[in-house]
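Participant: The primary structure of each chain is shown beneath.
2 protein chains.
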Amino acid sequence: MRIARIAHPEGIGWAVVEDDGFDLIDDPFRTGPDDLRPVRTAHGRSHLPVSAARLLAPVQPRTVVGMAHNTGSADRELAPEAFLKPARSVVGPGAAVELPAGVGRIDAEAELAAVIAADGSVFGWTLANDVTARDLQATDARWAQAKGYRTFTPCGPWIETELDPERVQLELVLNGQSLGSASTVHLARGAVEVLDYLGSFLPLGAQDLVLLGAPGAFGPLTAGTTVTVRSPQLGVLANPVRTGPAAAGPGTPSPLRTTSGVFA
Amino acid sequence: MRIARIAHPEGIGWAVVEDDGFDLIDDPFRTGPDDLRPVRTAHGRSHLPVSAARLLAPVQPRTVVGMAHNTGSADRELAPEAFLKPARSVVGPGAAVELPAGVGRIDAEAELAAVIAADGSVFGWTLANDVTARDLQATDARWAQAKGYRTFTPCGPWIETELDPERVQLELVLNGQSLGSASTVHLARGAVEVLDYLGSFLPLGAQDLVLLGAPGAFGPLTAGTTVTVRSPQLGVLANPVRTGPAAAGPGTPSPLRTTSGVFA
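Protein chains in written order, with our numbering: chain F, 9 to 272; chain U, 9 to 272.
The hints are simulated quantities; they were obtained by calculation from the structure and are not laboratory data.
Among these hints, one or two may not hold up.
Unchecked claim - Pairwise CB distance ranges (calculated): (1) U:R250 to F:V47: 39 to 47 Å; (2) F:N183 to U:G102: 53 to 61 Å; (3) F:D34 to U:A50: 19 to 27 Å.
Stated by the list, open to error - To be clear about the criterion: a stretch of chain F counts as covered by chain U if any three or more of its residues have a C-beta under 8 Å from a C-beta of chain U, and this derived list gives those stretches: (4) 178-187; (5) 201-215.
Said to hold, decoys possible - Pulled a few chain F residues facing chain U out of the computed Cβ check, cut under 10 Å: (6) V47; (7) V73; (8) A76; (9) F91; (10) A95; (11) S97; (12) W151; (13) A152.
Just so we're clear, the structure is a prediction, and the values are computed from it rather than from any experiment.
For each residue, glycine too, the CB sits at the ideal point set by N, CA and C.
The following block holds chain F by itself, in its conformation from the complex:
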């Protein structure tokens, strides 16, 4: 079953994805995936055709966590190690990835992500692009900046609730050119092992995202192109790439500075 978050003329909501459109449902993170409840819009519609809706990021997480050095099998020699991404860096299918100026190479990474349920169990799976300012990692030891810019975590297109996470094929496509396909079976640590490690310390809950690492190639993003993560099991996550807002120069007031008198 595929569950999406969609924007439509009457608002924003959840839906089961069918071949001919979307069947609207109540918040599936409240009911659980086994007890989905149909809902109607204010105008009485329970079904929307594909053309009447737009896919949003399938989750609005509070925690986004990824695994450092979890690519090929050689990484097994290192202890498992997690990093956090800002929850607000998540964007959905079709939303622009904005490249900050002056930070050097920025890579896309095609990953499988676990979507967490309210009780901490796995709700389902989706695709994610773990956008990373590669050159910044050398000086930004905690990666908060290197992986933390606005728009740096595209995910979607929907949540697949039935999937063997240890055999998901992932392909990264940069502006129409494939960098090749790889399976999650080649990750140093698979989904079960990663989730066991994180479960030993990290509080996780409804809509949280666990990025499982990139088993295949990654590649640099260029403004004016499109980056696509695709999988036969999970669909297509495509995002245009554009130049981000110019970095504020020295002395430029930050939005954080304009406060209601607290610095007065």
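Based on these hints, arrange chain U on the given structure of chain F.
Facilitator: For chain U alone, coordinates are given in the frame of chain F:
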């Protein structure tokens, strides 16, 4: 003005803190601090005495961010560097800090924290305890585990909307014994500089927390004691310390493993 999140017999809500209790208000992150709106409970009460309410964590953030190496002035020689803590690690005044077993020394750090408004500006300020599993930092380069356990981010007791963040006195008290008092004026980088740095890349919004670094001493936590962060400007944040749940042994099913068939 002091704004708190409280639990009372009729539910959970926001309130302005007065000497004789709490004046209930609508969500201040929706209205902004300059347009607070009084509300009544279902039973018509607009004011609650101190004895009828319990302080909760003043925010439920999506992003909690701290600054690495931002203590004494020598740290200015290093570039600013941020780390993320899990949003779900936040607990309020009086809630237990749980010490995981087998991870060595766990320290308290007394910090000033900025509370962010919906538009990304500063809404106000509160106290935070940046609990850190010190020995883990040596092998956990991204600090996601070392700073990321459940209950590792006590904050409160309320949000102060009027404050000079560059001159806040902070004292760390471990089981009644003061480790001394220090001012935020001695931080390598003060609030304005930190918020400017974070504003250059990090998406922040309503209820997010920015931990500004510990200007004073930190110290190890012991189960059965109380850890207190206090400030003449911001009040008292006290938390009991206890032993956390035993670490799951190898082969123990993690909560993340019990899913509704997704691993079937």
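Participant: Run every hint past the structure and note whether it holds.
Facilitator: Now for the hints, and whether the structure bears them out:
Checked against the hint of 39 to 47 Å, the pair U:R250 and F:V47 passes, with Cβ atoms roughly 43 Å apart. Distance hint check for F:N183 and U:G102: the Cβ-Cβ separation is about 55 Å, which falls inside the suggested range of 53 to 61 Å. Separated by about 24 Å at the C-beta atoms, F:D34 and U:A50 satisfy the suggested range of 19 to 27 Å. Given as covered by chain U, the region 178-187 of chain F fails the check, having 0 residues with a CB less than 8 Å from a CB of that chain where 3 are the minimum.
With 10 residues having a Cβ less than 8 Å from any Cβ of chain U, the region 201-215 of chain F passes the three-residue criterion, so the hint holds. About 21 Å separates the beta-carbon of F:V47 from the nearest beta-carbon of chain U, more than 10 Å, and the hint is not met. Proximity of F:V73 to chain U holds as hinted, the smallest CB-CB distance being about 7 Å (cut-off 10 Å). Hint on F:A76 holds. Least Cβ distance to chain U is approximately 6 Å, under the 10 Å limit.
The criterion of a C-beta within 10 Å of any C-beta in chain U is met by F:F91, whose closest approach is roughly 4 Å, and the hint holds. Look at F:A95: its Cβ gets to within about 4 Å of chain U, closer than 10 Å, so that hint holds up. Using the Cβ-Cβ criterion of 10 Å, the hint placing F:S97 at the interface with chain U is satisfied: the shortest such distance is roughly 6 Å. The closest approach between the C-beta of F:W151 and any C-beta of chain U is roughly 6 Å, which is under the 10 Å cut-off, so the hint is satisfied.
Because the closest C-beta pair between F:A152 and chain U is about 4 Å apart, less than 10 Å, the hint holds.
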